[in-house]
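Number of protein chains: 2
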Amino acid sequence: MSQTCDVTTAMTDWLRSGLAEVQNRLVMELLSDLPAVNDLVAHAERYRGKMLRPMLVLISGLAARQEAGGGELDLRPAEATHHVLAAVVEVVHLATLVHDDVLDEAEVRRGGATLNHLRGNEAAVILGDYLISHAYHLCSSLDRPVVSRQIARTTNTVCEGELLQLSNRNNWGLDEPTYFEIIRRKTASLCGTSCLLGAELGGASAETARALHDYGQCLGLAFQIVDDLLDLVGQERVVGKSLGRDLEKGKLTLPVIHLLGSEQAGRSRQQVIGRLQRIGRLMAEHEEFPQEAGHPLATELAELRNRLVQSGSLGYAQEVAQRLVEQAKRCLSRVPGPVRGFMAETAQGVLTRSF
Amino acid sequence: MSQTCDVTTAMTDWLRSGLAEVQNRLVMELLSDLPAVNDLVAHAERYRGKMLRPMLVLISGLAARQEAGGGELDLRPAEATHHVLAAVVEVVHLATLVHDDVLDEAEVRRGGATLNHLRGNEAAVILGDYLISHAYHLCSSLDRPVVSRQIARTTNTVCEGELLQLSNRNNWGLDEPTYFEIIRRKTASLCGTSCLLGAELGGASAETARALHDYGQCLGLAFQIVDDLLDLVGQERVVGKSLGRDLEKGKLTLPVIHLLGSEQAGRSRQQVIGRLQRIGRLMAEHEEFPQEAGHPLATELAELRNRLVQSGSLGYAQEVAQRLVEQAKRCLSRVPGPVRGFMAETAQGVLTRSF
Numbered sequence: 053m054s055q056t057c058d059v060t061t062a063m064t065d066w067l068r069s070g071l072a073e074v075q076n077r078l079v080m081e082l083l084s085d086l087p088a089v090n091d092l093v094a095h096a097e098r099y100r101g102k103m104l105r106p107m108l109v110l111i112s113g114l115a116a117r118q119e120a121g122g123g124e125l126d127l128r129p130a131e132a133t134h135h136v137l138a139a140v141v142e143v144v145h146l147a148t149l150v151h152d153d154v155l156d157e158a159e160v161r162r163g164g165a166t167l168n169h170l171r172g173n174e175a176a177v178i179l180g181d182y183l184i185s186h187a188y189h190l191c192s193s194l195d196r197p198v199v200s201r202q203i204a205r206t207t208n209t210v211c212e213g214e215l216l217q218l219s220n221r222n223n224w225g226l227d228e229p230t231y232f233e234i235i236r237r238k239t240a241s242l243c244g245t246s247c248l249l250g251a252e253l254g255g256a257s258a259e260t261a262r263a264l265h266d267y268g269q270c271l272g273l274a275f276q277i278v279d280d281l282l283d284l285v286g287q288e289r290v291v292g293k294s295l296g297r298d299l300e301k302g303k304l305t306l307p308v309i310h311l312l313g314s315e316q317a318g319r320s321r322q323q324v325i326g327r328l329q330r331i332g333r334l335m336a337e338h339e340e341f342p343q344e345a346g347h348p349l350a351t352e353l354a355e356l357r358n359r360l361v362q363s364g365s366l367g368y369a370q371e372v373a374q375r376l377v378e379q380a381k382r383c384l385s386r387v388p389g390p391v392r393g394f395m396a397e398t399a400q401g402v403l404t405r406s407f
Numbered sequence: 053m054s055q056t057c058d059v060t061t062a063m064t065d066w067l068r069s070g071l072a073e074v075q076n077r078l079v080m081e082l083l084s085d086l087p088a089v090n091d092l093v094a095h096a097e098r099y100r101g102k103m104l105r106p107m108l109v110l111i112s113g114l115a116a117r118q119e120a121g122g123g124e125l126d127l128r129p130a131e132a133t134h135h136v137l138a139a140v141v142e143v144v145h146l147a148t149l150v151h152d153d154v155l156d157e158a159e160v161r162r163g164g165a166t167l168n169h170l171r172g173n174e175a176a177v178i179l180g181d182y183l184i185s186h187a188y189h190l191c192s193s194l195d196r197p198v199v200s201r202q203i204a205r206t207t208n209t210v211c212e213g214e215l216l217q218l219s220n221r222n223n224w225g226l227d228e229p230t231y232f233e234i235i236r237r238k239t240a241s242l243c244g245t246s247c248l249l250g251a252e253l254g255g256a257s258a259e260t261a262r263a264l265h266d267y268g269q270c271l272g273l274a275f276q277i278v279d280d281l282l283d284l285v286g287q288e289r290v291v292g293k294s295l296g297r298d299l300e301k302g303k304l305t306l307p308v309i310h311l312l313g314s315e316q317a318g319r320s321r322q323q324v325i326g327r328l329q330r331i332g333r334l335m336a337e338h339e340e341f342p343q344e345a346g347h348p349l350a351t352e353l354a355e356l357r358n359r360l361v362q363s364g365s366l367g368y369a370q371e372v373a374q375r376l377v378e379q380a381k382r383c384l385s386r387v388p389g390p391v392r393g394f395m396a397e398t399a400q401g402v403l404t405r406s407f
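Going down the list, the protein sequences come from chains A and B. Heads up, our numbering is the position in the first sequence plus 52, with the first residue counted as 1. Heads up, our numbering is the position in the second sequence plus 52, with the first residue counted as 1.
Here chain A stands alone, though its shape is the one from the complex (with noise of 0.2 Å):
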């Protein structure tokens, strides 16, 4: 028991310490000879969390470690592949932050002013392409052509996802399948090539690869459908960034779609939609997510959250969320013992948004 205790202690100072070199390499990789550019980098650099992307690289890469060890638990630090692995995909995930922020017209990210809203949408149109040009540039360093390839795919296919779901935006009958090829393209793709890259550059099996890039994206669709309901039912304090822009923006999100679809009446239907509508108009003319009773727009978002719980679509969506996790853990059979628990508990992590 207290040495289990033990392996767990060990692995989160493991993974503390990998971090921090990640970090330093992000810090190196974006410094720039121009001080309006650095300027600029400092700022995108606060929004970084709690950097869930390098973490799964660095856990694969060592679930891949002790399965090449036989087993054996190896806790030297972590080869420098993957730490330059696990800063390009911080890099990729910073700069869609910022440019979504643009997409998104938010205000508030991790509890400070966007860069949008402080600078205008041309400094962060621009950073953005710093900052993802930066995560190229530090790829093709490792010297390894396969890896830069799968980190331009994956993110051909993070563009792809935000194309799609941009070209359904107010597309009240969008269904399930649609939705979750939004998911899996703009968020899960690059939790799932984060996991596969960092189990193929530590020596992992094909198997063990494949296994852990569908963990990764498991994870990552749960993550998202978890995102997804926050914007909808969350606490701008709490969450820390602008809620309530899935509506402004006529995106449709799970809990929605499931609304929308246990309406039989087309009456019914059509109420809900009308309800939608006119929150997309009143949050576009207001800055803040109005949480005093009595403003038309609270008690407009009151009645649709009182239909989203007596439908069950709150749950319903919990609920996705909830097997996805759990399919993710099924994932991990090939991971050996103290590994294996610490990459389910990342997953479980996702649910209370640890991450």
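If you're looking for bench data, these hints aren't it; they were derived computationally from the structure. Certain hints may be false.
Claimed, not checked - With the C-beta cut set under 8 Å, the calculated list includes, among others, these residues of chain B facing chain A: (1) Leu83; (2) Leu86; (3) Arg205; (4) Glu212; (5) Glu214; (6) Ser219; (7) Asn223; (8) Val372.
As the list claims (entries may be wrong) - Far from chain A by the CB rule (all over 10 Å, computed), these chain B residues: (9) Leu92; (10) Leu127; (11) Ala175; (12) Gly225; (13) Glu259; (14) Ile309; (15) Leu403.
To be verified - Restricting the straight-line Cα-Cα distance to at most 20 Å, the calculated cross-link-like pairs of lysine to any residue (SDA-like) are: (16) Lys301(A) <-> Asn173(B); (17) Lys301(B) <-> Asn173(A); (18) Lys381(B) <-> Thr60(B).
Using N, Cα and C, we set each Cβ at its ideal position, and we do this for glycine too.
Following the hints, position chain B against chain A.
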């Protein structure tokens, strides 16, 4: 004489069929399984002009091949690597055009409505990301990490140029060295890299590759100065894109910097700044660049143009562009006969905007 003619025709044909192959590679790379994505990409492809950058890749490759072949002109089709690289630099360029139009709020490009104007900034931001992602994806297929790294280094530089430009908006004290630093990074770097990599992949000596890089860089600087002149004194119908955006966005270009520098007396300099500020405000209020006399904006613009002519500032900028073209030509001393002539003409064409 007639032989020279034949050689020029043969080279033109060689280039035309090479660019057609580049075009094929580009279209194949950008193809998605999602119709919504292909629809947007088709719009961006209409932005394509005379493919200056792919031309630089191919022609530098030809120069290298001629050098490697002991001076013999060899008009067999270019290697696949050159076609791929040429497609990469064109897709990078397309991505910058799409994002530039967002930054400039431009409504017209190549005689047609811009994507941001037709589909909104959101589609344009993501489409630019999609293009840049595919550029790296295609580049990594070359299996040459050195090339990927050089391309990514160049896009880093392009973004820095854009950020430096942004941080100098409405900076009435902008000096020439900073202006040149901006255009070297945002425009000339990609032209220089196109020549450098085209030469290197063609087996050029290090000296020739370096000389061709410098040729491309000088040509790129001249290109941007001419572009800036057209924004100031061109006609929208002739140039085919929204004009006056530099003035609207407070971007100082070479003629204006020269004018501000030539106004010795503080008061007359202040008058020019006041006029630039009024023009910027008026431009922001108008969708189009008004050409009719009597309009307050037209009057301000006519006054500014008069001052630019009287002070010799337009002539100065034209001369600088001309000198850069001469400098570009001097970089060609190591390139044998027919190819040198062709490359010299290409540089000259930048001044009359044949490209």
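Status of the hints after comparison with the structure:
no.	hint	verdict
1	Leu83	violated, 11 Å
2	Leu86	holds, 6 Å
3	Arg205	holds, 6 Å
4	Glu212	holds, 6 Å
5	Glu214	holds, 5 Å
6	Ser219	holds, 4 Å
7	Asn223	violated, 11 Å
8	Val372	violated, 23 Å
9	Leu92	violated, 7 Å
10	Leu127	holds, 31 Å
11	Ala175	violated, 6 Å
12	Gly225	holds, 15 Å
13	Glu259	holds, 25 Å
14	Ile309	holds, 18 Å
15	Leu403	holds, 29 Å
16	Lys301(A) <-> Asn173(B)	holds, 13 Å
17	Lys301(B) <-> Asn173(A)	holds, 13 Å
18	Lys381(B) <-> Thr60(B)	holds, 18 Å
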